[in-house]
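Place chains W, G and D on chain Y using the hints.
Listed here are the chains, written in short residue letters.
4 protein chains.
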Amino acid sequence: MKKTPFKTVPDAPQPLSFTVERRVRFEEVDSLGIVWHGRYPSYFEDVREALGDHYKIGYLDFFKNGVAAPIRQLHFDYVHPLQLCEHFTIKGELHWSEAARLNLTYQIFNAQGKLTTSGYSVQMMLNYEDKTILMVPPPFIQNFLQRWRQGFK
Amino acid sequence: MKKTPFKTVPDAPQPLSFTVERRVRFEEVDSLGIVWHGRYPSYFEDVREALGDHYKIGYLDFFKNGVAAPIRQLHFDYVHPLQLCEHFTIKGELHWSEAARLNLTYQIFNAQGKLTTSGYSVQMMLNYEDKTILMVPPPFIQNFLQRWRQGFK
Amino acid sequence: MKKTPFKTVPDAPQPLSFTVERRVRFEEVDSLGIVWHGRYPSYFEDVREALGDHYKIGYLDFFKNGVAAPIRQLHFDYVHPLQLCEHFTIKGELHWSEAARLNLTYQIFNAQGKLTTSGYSVQMMLNYEDKTILMVPPPFIQNFLQRWRQGFK
Amino acid sequence: MKKTPFKTVPDAPQPLSFTVERRVRFEEVDSLGIVWHGRYPSYFEDVREALGDHYKIGYLDFFKNGVAAPIRQLHFDYVHPLQLCEHFTIKGELHWSEAARLNLTYQIFNAQGKLTTSGYSVQMMLNYEDKTILMVPPPFIQNFLQRWRQGFK
Numbered sequence: 002m003k004k005t006p007f008k009t010v011p012d013a014p015q016p017l018s019f020t021v022e023r024r025v026r027f028e029e030v031d032s033l034g035i036v037w038h039g040r041y042p043s044y045f046e047d048v049r050e051a052l053g054d055h056y057k058i059g060y061l062d063f064f065k066n067g068v069a070a071p072i073r074q075l076h077f078d079y080v081h082p083l084q085l086c087e088h089f090t091i092k093g094e095l096h097w098s099e100a101a102r103l104n105l106t107y108q109i110f111n112a113q114g115k116l117t118t119s120g121y122s123v124q125m126m127l128n129y130e131d132k133t134i135l136m137v138p139p140p141f142i143q144n145f146l147q148r149w150r151q152g153f154k
Numbered sequence: 002m003k004k005t006p007f008k009t010v011p012d013a014p015q016p017l018s019f020t021v022e023r024r025v026r027f028e029e030v031d032s033l034g035i036v037w038h039g040r041y042p043s044y045f046e047d048v049r050e051a052l053g054d055h056y057k058i059g060y061l062d063f064f065k066n067g068v069a070a071p072i073r074q075l076h077f078d079y080v081h082p083l084q085l086c087e088h089f090t091i092k093g094e095l096h097w098s099e100a101a102r103l104n105l106t107y108q109i110f111n112a113q114g115k116l117t118t119s120g121y122s123v124q125m126m127l128n129y130e131d132k133t134i135l136m137v138p139p140p141f142i143q144n145f146l147q148r149w150r151q152g153f154k
Numbered sequence: 002m003k004k005t006p007f008k009t010v011p012d013a014p015q016p017l018s019f020t021v022e023r024r025v026r027f028e029e030v031d032s033l034g035i036v037w038h039g040r041y042p043s044y045f046e047d048v049r050e051a052l053g054d055h056y057k058i059g060y061l062d063f064f065k066n067g068v069a070a071p072i073r074q075l076h077f078d079y080v081h082p083l084q085l086c087e088h089f090t091i092k093g094e095l096h097w098s099e100a101a102r103l104n105l106t107y108q109i110f111n112a113q114g115k116l117t118t119s120g121y122s123v124q125m126m127l128n129y130e131d132k133t134i135l136m137v138p139p140p141f142i143q144n145f146l147q148r149w150r151q152g153f154k
Numbered sequence: 002m003k004k005t006p007f008k009t010v011p012d013a014p015q016p017l018s019f020t021v022e023r024r025v026r027f028e029e030v031d032s033l034g035i036v037w038h039g040r041y042p043s044y045f046e047d048v049r050e051a052l053g054d055h056y057k058i059g060y061l062d063f064f065k066n067g068v069a070a071p072i073r074q075l076h077f078d079y080v081h082p083l084q085l086c087e088h089f090t091i092k093g094e095l096h097w098s099e100a101a102r103l104n105l106t107y108q109i110f111n112a113q114g115k116l117t118t119s120g121y122s123v124q125m126m127l128n129y130e131d132k133t134i135l136m137v138p139p140p141f142i143q144n145f146l147q148r149w150r151q152g153f154k
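As they're listed, the protein sequences go chains Y, W, G and D.
The first sequence begins at 2 in the working numbering and counts up by one.
The second sequence begins at 2 in the working numbering and counts up by one.
The third sequence begins at 2 in the working numbering and counts up by one.
The fourth sequence begins at 2 in the working numbering and counts up by one.
Isolated chain Y (complex conformation) (with noise of 0.2 Å):
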């Protein structure tokens, strides 16, 4: 994993990891027989979202609790191409922070299990409505934080 620009913490709890199987689909490879790099930041979202409807800190939580997370910062690092109707694992790891922030990495693996694509993204929080940005997470985020530190039992 390349270095992140996540602040780590002390006593931080394991990353939460989750994983979604797709196959390539027709319209996103390009010429070349691959998938275009800019199918990614879907692949990507696609273990985001899952991730979160898991955790219950996905979109429609975000909503219902007035709080945007929009992308701060995306980052890709493309190793091997993937190819036309192949199947594919997407893994998203999600980093413990104490600040108004998600900060994952991903890792997608062929079937072979080889990495064929690695990245992270930080989304900040911000007030739905006047869309001020959060300096300390939403009461629904400091709940699923809590749990989180005492192992979701």
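Because the hints were derived from the structure by calculation, they are not lab data.
These figures come from a predicted structure and were not determined experimentally.
Some clues are possibly wrong.
Copies of one chain are not kept apart here, so a pair can be met inside one copy or by any two copies together.
The calculated DMTMM-like cross-link candidates involving lysine to aspartate or glutamate, where the alpha carbons are at most 25 Å apart (straight line), are [stated by the list, open to error]:
id: 1; residue 1: Lys65; residue 2: Glu87
id: 2; residue 1: Lys92; residue 2: Asp78
id: 3; residue 1: Lys65; residue 2: Glu99
id: 4; residue 1: Lys132; residue 2: Glu87
id: 5; residue 1: Lys57; residue 2: Glu87
id: 6; residue 1: Lys92; residue 2: Glu22
id: 7; residue 1: Lys92; residue 2: Glu28
id: 8; residue 1: Lys57; residue 2: Glu28
id: 9; residue 1: Lys132; residue 2: Glu28
id: 10; residue 1: Lys8; residue 2: Asp78
id: 11; residue 1: Lys65; residue 2: Asp47
id: 12; residue 1: Lys65; residue 2: Glu28
id: 13; residue 1: Lys132; residue 2: Asp54
id: 14; residue 1: Lys65; residue 2: Asp131
id: 15; residue 1: Lys115; residue 2: Glu94
id: 16; residue 1: Lys115; residue 2: Glu22
id: 17; residue 1: Lys65; residue 2: Glu130
id: 18; residue 1: Lys154; residue 2: Asp12
id: 19; residue 1: Lys115; residue 2: Glu130
id: 20; residue 1: Lys92; residue 2: Asp47
id: 21; residue 1: Lys57; residue 2: Glu22
id: 22; residue 1: Lys65; residue 2: Glu94
id: 23; residue 1: Lys57; residue 2: Asp47
id: 24; residue 1: Lys154; residue 2: Asp62
Just chains W, G and D now, with coordinates in the frame of chain Y:
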């Protein structure tokens, strides 16, 4: 031009015609080296937006007037493919209708003037707030129809 | 189902039906909060690919046999919108044809079983190398038609 | 400008700069009313293609010379959102490199001149046929570098 589902009105003014020039983008081309058929809704939208802006019946005009104009019907006849970096012209024609509808036909020509794709769209009009269907055109569209009838003098 | 442009054949076997389940993705939704009409070619393609893979007449099967099957005609009737994160079902039906064509109809249903969109597509078949139009189905499609006629026993 | 991963060379010629003007399209905007972050690879590509065409190192030039230049690294810093129908400028800068690489930085400005997004990309070069990585730039790129060194006189 293929038969459209549009009702014709006697004494209707001539269609309003508009064209935009574009070039095939790398990401629009599939692994066969031609524009993927699913990119053409964007091409039709390009000319529809340009025509709408010109006559002040574009997205922003609809928004300002509290009306949405979602696509109700959309049709494509793919005659000839477009290839990487090819220059092409999208021609749109808005056909006269006194109903709360926008009826357009489309033709795409390559740089040699050959017809590559044609089609049509039907848009209905909704009250933006409560999503009820408008049975008659809203005032700003009635005003537009009147100007059209008078030749935009 | 709207009238399709497909020729019917007496004694034709019943259509082959297939469904896939999906969920609306964030990036598919427009500023009105509903799926943008131009995403539906992907939705139709999803079930067409799944049906094709199941019956071994998918993209890779066509490639292997030196045949391309570009879309010649595509039609959408938008009846009801789909919204963010909504679950939906895409049903595709392949209709019997002895010509070098693939004729499909499509229906999309939301989680309440309400029809949201329907449509159809017509694909023609080309020799992959020289792009000449095939007048009769290639052997692997003829074989498929024979199996279909015999009920895939 | 954020720190890039590019190695600097003493006496390197100034970066080559290019800009393109665009307007936010309806389909690029998400349900929050701003351009979805995943559209920006297209925006960067727009100026990269325009710059490439201008200096005859575009997609078609690479194809003709049997070389592919896939993206190896891509980075986005989202500073400020773009909204529906907003006009914006994409500025790209190609940075001098004697390796078989294309190193670009990007800046997007809205109509008020405010920076909305910045980023960078790294492209490597491959033999188109056997996909082997080129260790030195191919002749047409070496020729381009020489012209660049000489100020394109």
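Right, here's what the structure says about each hint:
1. Lys65 / Glu87: Cα proximity of Lys65 and Glu87: across copies only (15 Å, versus 37 Å in one copy).
2. Lys92 / Asp78: Answer is both; intra-copy 14 Å and inter-copy 22 Å each pass.
3. Lys65 / Glu99: within (21 Å within a copy, 41 Å between copies)
4. Lys132 / Glu87: between (40 Å within a copy, 18 Å between copies)
5. Lys57 / Glu87: Close across copies (16 Å), not inside one copy (30 Å); limit 25 Å.
6. Lys92 / Glu22: Cα proximity of Lys92 and Glu22: in one copy and across copies (9 Å, 22 Å).
7. Lys92 / Glu28: both (22 Å within a copy, 20 Å between copies)
8. Lys57 / Glu28: Between. Shortest inter-copy distance 19 Å satisfies the 25 Å Cα cut-off; intra-copy 31 Å does not.
9. Lys132 / Glu28: between (35 Å within a copy, 20 Å between copies)
10. Lys8 / Asp78: both (20 Å within a copy, 17 Å between copies)
11. Lys65 / Asp47: within (20 Å within a copy, 30 Å between copies)
12. Lys65 / Glu28: The answer is between: 19 Å across copies meets 25 Å, while 33 Å in one copy does not.
13. Lys132 / Asp54: For Lys132 and Asp54, only the intra-copy Cα distance (23 Å) is at most 25 Å; the inter-copy one is 29 Å.
14. Lys65 / Asp131: both (15 Å within a copy, 20 Å between copies)
15. Lys115 / Glu94: Result: close within a single copy only, 18 Å intra versus 33 Å inter.
16. Lys115 / Glu22: So Lys115 and Glu22 pass the 25 Å test inside one copy only (14 Å; across, 28 Å).
17. Lys65 / Glu130: both (12 Å within a copy, 20 Å between copies)
18. Lys154 / Asp12: Classified as within: same-chain Cα gap 18 Å, cross-chain 61 Å, threshold 25 Å.
19. Lys115 / Glu130: between (43 Å within a copy, 22 Å between copies)
20. Lys92 / Asp47: both (10 Å within a copy, 23 Å between copies)
21. Lys57 / Glu22: both (20 Å within a copy, 22 Å between copies)
22. Lys65 / Glu94: within (24 Å within a copy, 38 Å between copies)
23. Lys57 / Asp47: The answer is within: 15 Å in one copy meets 25 Å, while 28 Å across copies does not.
24. Lys154 / Asp62: within (21 Å within a copy, 49 Å between copies)
This entry satisfies every hint, going by the numbered hints stated previously.
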